[in-house]
Structure formats: structure tokens, C-alpha cells
Amino acid sequence: MSTELKEKETEAETETESASSRQSRRMEQKRQRASRRDLKEEAREEIDDADDTIEIKVFRFDPEVAGKEEPRFDTFHVPFFKGMTVLDALIYARDHYDTSLTFRHSCRQAICGSDALFVNGTQRLGCKTQIADLEDHLGSTIRIEPLPHQEVVKDLVVDMEHFYDQMEAVEPFFDADELPEGELEEQRQDRENREKIKMSTRCIWCGACMSSCNIAAGDNEYLGPAAINKAYRFAMDEREGEDRKQQRLNIIEQEHGVWRCQTQFSCTEVCPKDIPLTEHIQELKREAVKNNLKFW
Amino acid sequence: MAEHYSSFEYKGTRWFLQRITAVFLIGVLAFHFMLLHFVNHAAEVTFLGTQARMQQVGYFGTMIAFLVTATFHGVNGVYNALVNQGLSGTRRSTVKWVLVVASGVLILQGVRTSLYMAGILS
Amino acid sequence: MSQSYDRGTIEDFGRWKEFSAGMWAWIFHKFSGWVLIGYLFTHIAVLSTATQSPEMYTQTIRSLESLAIVRVLEVGLLAVAVFHILNGVRLLFVDLGVGLEAQDKSFYASLAVSAAIVVASVPTFLAGAF
Numbered sequence: 001m002s003t004e005l006k007e008k009e010t011e012a013e014t015e016t017e018s019a020s021s022r023q024s025r026r027m028e029q030k031r032q033r034a035s036r037r038d039l040k041e042e043a044r045e046e047i048d049d050a051d052d053t054i055e056i057k058v059f060r061f062d063p064e065v066a067g068k069e070e071p072r073f074d075t076f077h078v079p080f081f082k083g084m085t086v087l088d089a090l091i092y093a094r095d096h097y098d099t100s101l102t103f104r105h106s107c108r109q110a111i112c113g114s115d116a117l118f119v120n121g122t123q124r125l126g127c128k129t130q131i132a133d134l135e136d137h138l139g140s141t142i143r144i145e146p147l148p149h150q151e152v153v154k155d156l157v158v159d160m161e162h163f164y165d166q167m168e169a170v171e172p173f174f175d176a177d178e179l180p181e182g183e184l185e186e187q188r189q190d191r192e193n194r195e196k197i198k199m200s201t202r203c204i205w206c207g208a209c210m211s212s213c214n215i216a217a218g219d220n221e222y223l224g225p226a227a228i229n230k231a232y233r234f235a236m237d238e239r240e241g242e243d244r245k246q247q248r249l250n251i252i253e254q255e256h257g258v259w260r261c262q263t264q265f266s267c268t269e270v271c272p273k274d275i276p277l278t279e280h281i282q283e284l285k286r287e288a289v290k291n292n293l294k295f296w
Numbered sequence: 001m002a003e004h005y006s007s008f009e010y011k012g013t014r015w016f017l018q019r020i021t022a023v024f025l026i027g028v029l030a031f032h033f034m035l036l037h038f039v040n041h042a043a044e045v046t047f048l049g050t051q052a053r054m055q056q057v058g059y060f061g062t063m064i065a066f067l068v069t070a071t072f073h074g075v076n077g078v079y080n081a082l083v084n085q086g087l088s089g090t091r092r093s094t095v096k097w098v099l100v101v102a103s104g105v106l107i108l109q110g111v112r113t114s115l116y117m118a119g120i121l122s
Numbered sequence: 001m002s003q004s005y006d007r008g009t010i011e012d013f014g015r016w017k018e019f020s021a022g023m024w025a026w027i028f029h030k031f032s033g034w035v036l037i038g039y040l041f042t043h044i045a046v047l048s049t050a051t052q053s054p055e056m057y058t059q060t061i062r063s064l065e066s067l068a069i070v071r072v073l074e075v076g077l078l079a080v081a082v083f084h085i086l087n088g089v090r091l092l093f094v095d096l097g098v099g100l101e102a103q104d105k106s107f108y109a110s111l112a113v114s115a116a117i118v119v120a121s122v123p124t125f126l127a128g129a130f
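Taken in sequence, the protein lines are chains P, U and A. The first sequence begins at 1 in our numbering and counts up one residue at a time. The second sequence begins at 1 in our numbering and counts up one residue at a time. The third sequence begins at 1 in our numbering and counts up one residue at a time.
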């Protein structure tokens with residue numbers, strides 16, 4: 001399918017090319033059109049055969065193509081099969097109906113964190129969301145939009161740059177004071193401490209939490225749940241160096257750090273990895289207050 | 001973005017004070033409502049009744065503390081709400097000083113009124 | 001990548017039907033907070049009549065209290081104050097990290113208890129107003 005992405009450019013370039021290459025290109029296009037017809041035909045047959053079909057309504061926007069600069073919604077009919085996820089439905093729609101439908105996806109198993117989407121009004125991972133779990137999935141249309149509060153680049157793709165900046169702002173790396181003697185010796189952590197930070201290590205940087213956060217939407221400088229959780233992951237790790245921990249606490253207790261959290265629990269509710277984000281933010285607030293009380 | 005986070009030390013003092021005043025206000029606000037709507041009915045308030053209450057040192061002190069904490073808690077809450085909406089820069093410092101002045105006026109006027117009520121000024 | 005589309009505020013409060021308990025709690029808490037600080041300023045202004053003369057103070061309060069609309073607004077004030085107190089207690093527990101799993105239930109509980117207290121107080125607040 002990916003060969004078709006260049007179709008538009010190809011048409012413009014044709015003028016300057018030699019007759020033979022023009023002809024071969026035309027043949028190629030014809031073949032592609034034919035295969036697309038086949039796919040549409042295939043989709044029609046599959047829909048006829050399927051016990052159930054679903055209807056997805058997808059946000060479309062492409063600032064680079066004339067006629068698509070205005071955001072709109074496209075509706076696709078997709079045959080439903082058991083175990084189908086929102087991502088599967090999108091892939092089906094892209095492969096059978098519209099190859100220009102754009103969205104990020106990679107591992108399809110909720111690890112890469114690239115397909116956080118706004119599905120029926122909630123931030124979810126496309127690959128982790130079972131169509132069957134959506135309310136009235138056969139009777140009503142499933143609305144799929146890009147993550148709110150981030151700028152849309154194209155269709156379902158949003159600009160993640162700001163999110164990554166915030167994640168990096170908390171210096172998300174490990175910096176122990178002392179390293180073990182032997183070259184191959186591990187840096188041990190006791191089981192209890194491992195349990196404490198376990199959930200916080202699960203973050204896959206999908207950005208669903210940040211997108212759901214009403215405060216992050218209003219205050220662009222707010223670190224956001226994911227970054228604060230990242231800080232928690234290192235600050236609460238017993239192997240973390242003392243200086244680095246203090247430095248990290250200084251970052252999160254800035255005005256636009258933990259204090260901005262209003263405990264709306266939006267992030268905790270949407271986190272696809274079930275990280276108790278609000279709990280971690282609250283713990284860091286208490287940690288920061290305790291830390292400062294010592295110096296009063 | 002990353003460059004906004006300097007090592008400038010901001011302590012969560014206001015956050016902490018907001019919680020401390022909250023604890024105090026929970027009790028006093030409930031007491032205030034009980035006293036002036038259930039024990040004494042608001043419709044039957046007279047200056048003499050008010051004076052009788054305000055002349056008790058403990059009550060007077062509680063009401064002054066109530067005024068100060070409520071003003072802090074309320075005005076700080078308003079300020080936080082505005083900052084959460086992304087208020088920044090000059091507008092933010094303007095709003096901050098307007099709120100500080102308003103709180104100052106409110107507390108001064110409140111204390112002055114209390115002194116009249118207690119009969120210390122007349 | 002030269003342009004990107006910002007969908008504006010439609011995605012915020014236009015989505016109120018999709019808000020969850022924690023979000024509603026925040027909205028109500030903020031709203032009641034605004035009402036309470038607004039009331040504090042007016043309250044001190046009204047009480048300031050005491051600086052004029054004792055008679056004026058008594059008379060101002062009496063005439064205000066004789067208005068039915070004022071009595072109804074007082075019930076509203078009670079509702080707002082009780083909710084702010086109860087949800088405030090809930091938020092203090094959240095700050096202490098206690099019962100975070102039940103934060104939605106505690107919000108519904110604070111709503112229900114506020115409603116019960118307000119309904120029970122209506123007779124006292126409106127006595128003699130109509």
C-alpha cells in the first residue's frame with residue numbers, strides 16, 4: 001500500500017519524464033487502481049459475509065492537500081471479527097478504502113505507545129481497546145479522533161514534541177552515587193522498593209494522560225502527569241543518588257510542577273497501563289513539603 | 001518547555017498553607033453557619049446580639065482568624081484558578097497585586113467593623 | 001508540517017457530557033469557591049454598616065432578611081458552603097493519599113450528603129420568609 005502514498009507527486013512530475021518511463025508509470029498506476037478496486041470489492045464481500053459490521057467515524061485533516069485543510073469526519077464500514085481492536089478497524093479502513101488515512105502504530109501490543117487516540121470521547125490506546133468493550137459498538141458509530149490538546153499534524157497524528165520536552169525536563173535517567181565494585185555486578189534493589197516503583201516504571205510515553213489533563217491544556221508550562229510520574233520513578237528508587245534526587249525534587253516543586261495538579265483524576269482514569277498517576281503526584285507533593293519543612 | 005525549569009527554588013508554601021487554612025475553615029465555617037442560622041436566626045440578628053458575641057475575647061479572636069484565613073484561602077484559590085488557566089507574564093503580576101490589595105482592604109475593613117461591633121470603636 | 005490545526009476549546013467544556021467524577025468534583029469545587037469568596041466580600045460590606053450606627057446595622061440586616069429572594073439565596077449559599085466543605089474534606093484525604101481508589105464514590109457521597117443537609121435546613125432558612 002505504501003507505494004501509493006507518492007501518487008500525487010508522481011502525477012506532477014510526469015511532464016518532464018521520457019515517454020517510456022511515463023508509460024511504465026501509467027501502467028503501474030493502472031495496476032494500483034485495479035488492485036484498489038479489488039480491495040474495495042473484497043471489503044464489500046467481507047462485509048456481506050460478516051455476521052456484524054461496525055461503523056467508524058474518523059477525524060480527517062491534512063493541511064498540505066487542497067480540499068483537505070478543513071477538518072472533517074469520514075465514515076468507514078468495517079466487518080467486525082472477534083477480538084478486533086480500534087487499531088485493527090483503522091488498519092482495515094486504511095488498507096481497503098483510503099490509503100491516505102494516517103495514524104501512528106507500531107507494536108500493536110500496548111508497548112510502543114504510539115497509538116493513543118481519542119476514541120468515543122476518551123483517551124485510549126487503539127491497539128488495547130477492544131471494539132467489543134465500547135458501549136453499543138454495533139449499534140452506534142465509533143468516533144475516532146486525534147489526542148486533544150495537542151496540535152494535529154495530519155488525520156490522527158498529533159505533534160508530540162511538547163510532551164517529549166516535558167518528559168526530558170525531569171531528567172529521566174538513573175544516576176547512582178555509588179556503583180558496585182565488580183564490573184559485571186548488578187545494582188540491586190530490594191523487593192519492597194521495587195514494588196513501590198513498579199507501576200511508575202510502566203509508562204510507555206503515549207501521552208494519553210497529558211492529553212486528558214485539563215490543567216496541562218490551560219497551562220502549557222505544566223510538567224504534566226507523565227513527566228511527574230517519571231520523576232517519581234527515579235526519586236523513589238532507593239538506588240538513586242542523593243544529589244540527583246534533590247535536583248529532581250527541585251524541578252518538580254517549581255511553580256509549574258506538582259502544585260498545578262488539581263486531582264481531577266483524569267490522567268489516572270485514561271492511563272492504558274493503569275499507573276496510579278494522581279497518587280504518585282500527591283506523594284511527590286508531600287515529599288516536597290516534607291523536604292522543605294526541614295529547612296524552615 | 002525544558003528551559004522554563006531553572007533551579008529557582010519555589011517551595012510549595014502556598015499549597016501547604018491552602019491545606020492548613022482549609023482544615024481550620026472547615027470547622028469555623030460550619031460553626032458560623034450553625035450559630036447564625038440555627039442557634040440564632042439570621043433574621044433576628046440585632047446589633048446588641050452581635051455585640052454580646054463580639055465582646056467575648058475567644059469569639060472575637062476566632063472571627064478575626066476566620067476573616068484572615070478565609071481571605072487567604074479564597075484569594076489564593078482564585079489566583080491558583082487563574083494561573084491554572086494559563087495566566088502569565090505582566091497580566092499575572094497585575095492580577096496578583098490587585099488580589100493582594102483587595103485582600104488587604106477586605107481584612108482592614110473586616111477588622112475595623114469587628115472593632116465597632118465589639119464596641120471598642122463607636 | 002508547516003501548519004497544524006488547533007481544535008480550540010471545543011475539546012474542553014464542549015465535552016462536558018464525557019466528564020468523569022473527578023472532573024465534576026473539580027468544577028463544582030471551583031464554582032463554589034468563587035461563590036464563597038464573592039460572598040465574603042459582600043458579607044463584610046453589609047456588616048460594615050455597623051461602623052455607621054447600631055440602628056443602621058440592625059435595620060439593614062432586618063430589611064435584607066425580610067426579602068424572600070435573600071432567604072432563597074441563603075439556601076443556595078448553604079448548599080455551596082456545605083459542598084465546598086465536604087468536597088474539601090475529600091480533597092484533604094486525597095492530598096494525604098488516603099482512599100484514592102474511592103475518589104469517585106467519595107465525590108458522590110459528598111454530593112448526596114450536601115443535598116440531604118440542604119433539604120433538611122430549608123425549613124429553618126425559610127421560616128417566616130413567605
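Derived by calculation from the structure, the hints in this document are not laboratory data. Yeah, the Cβ is synthetic: ideal placement off N, Cα and C, and Gly gets one too. Possibly wrong hints are sitting among the right ones.
[Unchecked claim] No farther apart than 27 Å at their CA atoms in a straight line, the calculated lysine-lysine pairs in the DSSO-like style are these: (1) Lys96/U <-> Lys30/A; (2) Lys30/P <-> Lys82/P; (3) Lys290/P <-> Lys17/A; (4) Lys105/A <-> Lys57/P; (5) Lys105/A <-> Lys17/A; (6) Lys196/P <-> Lys30/A; (7) Lys128/P <-> Lys198/P; (8) Lys273/P <-> Lys245/P; (9) Lys17/A <-> Lys30/A; (10) Lys30/A <-> Lys128/P; (11) Lys245/P <-> Lys196/P; (12) Lys245/P <-> Lys30/A.
[Unchecked claim] If we take Cβ atoms under 7 Å as the criterion, some of the chain A residues that face chain U in the derived model are: (13) Lys30; (14) His43; (15) Leu47; (16) Ala50; (17) Ile85; (18) Ala116.
**OP:** Please flag the earlier hints that this structure goes against, numbers listed from lowest up.
**Re:** 2, 3, 4, 6, 10, 12, 14, 18
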